[in-house]
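Q: Sequence:
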Amino acid sequence: MVLDIIAVVLCYLIGSISFSIAIAKWVKGIDIRQHGSGNAGATNTLRVLGKGPGIVVFFLDIAKGVAAIFLGNALSDNEWIPVLCGLAVIIGHNWPIWFRFKGGKGIATTVGVIATLALVPALCAGVVAVVCIVLTRYVSLGSLLFAAFTPIFIILFDYSLPLLSVALVICAFAFIRHRTNIVKLMQGTENKLGAKKGA
8 MVLDIIAVVL CYLIGSISFS IAIAKWVKGI DIRQHGSGNA GATNTLRVLG
58 KGPGIVVFFL DIAKGVAAIF LGNALSDNEW IPVLCGLAVI IGHNWPIWFR
108 FKGGKGIATT VGVIATLALV PALCAGVVAV VCIVLTRYVS LGSLLFAAFT
158 PIFIILFDYS LPLLSVALVI CAFAFIRHRT NIVKLMQGTE NKLGAKKGA
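Its first residue numbered 8, the sequence shown is counted upward by one per residue in my numbering.
Treat the hints loosely; a few may be bogus.
[As the list claims (entries may be wrong)] In silico BS3-like links for lysine-lysine, alpha-carbon gap of 27 Å or less:
hint, residue 1, residue 2
1, Lys-199, Lys-35
2, Lys-109, Lys-35
3, Lys-32, Lys-109
4, Lys-32, Lys-199
5, Lys-109, Lys-58
6, Lys-191, Lys-109
[Unchecked claim] Ranges of calculated distance between the beta carbons of each label pair, as one might list FRET restraints:
hint, residue 1, residue 2, range
7, Leu-130, Arg-186, 25 to 31 Å
8, Ala-81, Arg-107, 17 to 23 Å
9, Val-16, Lys-199, 37 to 43 Å
10, Val-190, Leu-163, 27 to 33 Å
11, Val-9, Thr-196, 47 to 53 Å
12, Met-8, Thr-143, 42 to 48 Å
13, Phe-182, Asp-38, 25 to 31 Å
14, Met-8, Gly-201, 47 to 53 Å
Since the hints were made in silico from the structure, they are not lab data. These figures come from a predicted structure and were not determined experimentally. C-beta: ideal position from N, C-alpha, C; glycine also.
All chains should be modelled from the sequences, with the hints used to inform the complete structure.
A: In structure tokens:
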């Protein structure tokens, strides 16, 4: 029980490491949350700092999700602990204790979590998201579709109550964190991938 709690807390602390904030500070001496969309994530890093830093942040954020699941499996035999660790690392990314609880939207970290817990559902949802982004150039829409389709594909291919439960919570997080993007999508003012801000 103690190890279970330690695992979840450690994963929250790992999630709270914001690579977007750290890399932006290192590369340009800026707080990424005061530029672009104001989001501490891979997409905003791409827009503000360019492809290189954006790709690095994307894969490091995925790595946080992967690490959390491995840590949960290593410290506990309880099937709920790895999924709770996955949830904790995403919460840490979104509301990081090290950065006054203002972080990113958690999609890249979610990809790492879901891909490690349930590879086939993650791949299927990922295909939907990538096709959407390629066709529309809306990263936010692709992210929302990934979050929405993941529970569906888990039911179809890799069902377990802990896994479905955490997928539904993650989906809710994604829609809550993207609420301003949803409004912009409905208004037709959402930024497209590759477009300058405001274009």
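Q: Next, verify each hint and record whether it holds.
A: Each hint tested on the structure:
1. Lys-199 x Lys-35: holds, 24 Å
2. Lys-109 x Lys-35: holds, 20 Å
3. Lys-32 x Lys-109: holds, 15 Å
4. Lys-32 x Lys-199: Cα-Cα ~25 Å, so holds.
5. Lys-109 x Lys-58: At roughly 23 Å apart (the allowed maximum being 27 Å), Lys-58 and Lys-109 satisfy the hint.
6. Lys-191 x Lys-109: The given pair, whose Cα atoms are some 21 Å apart, holds under the 27 Å limit.
7. Leu-130 x Arg-186: 25 to 31 Å: The hint (25 to 31 Å, Cβ to Cβ) holds, given that Leu-130 and Arg-186 are roughly 27 Å apart.
8. Ala-81 x Arg-107: 17 to 23 Å: violated, 30 Å
9. Val-16 x Lys-199: 37 to 43 Å: Holds: the Cβ-Cβ distance is about 39 Å, inside 37 to 43 Å.
10. Val-190 x Leu-163: 27 to 33 Å: holds, 31 Å
11. Val-9 x Thr-196: 47 to 53 Å: holds, 50 Å
12. Met-8 x Thr-143: 42 to 48 Å: Given about 47 Å between the Cβ atoms, the range holds.
13. Phe-182 x Asp-38: 25 to 31 Å: At 26 Å between Cβs, range holds.
14. Met-8 x Gly-201: 47 to 53 Å: Holds, at about 49 Å.
Hint check: a violation occurs at hint 8 only; the rest are consistent with the structure.
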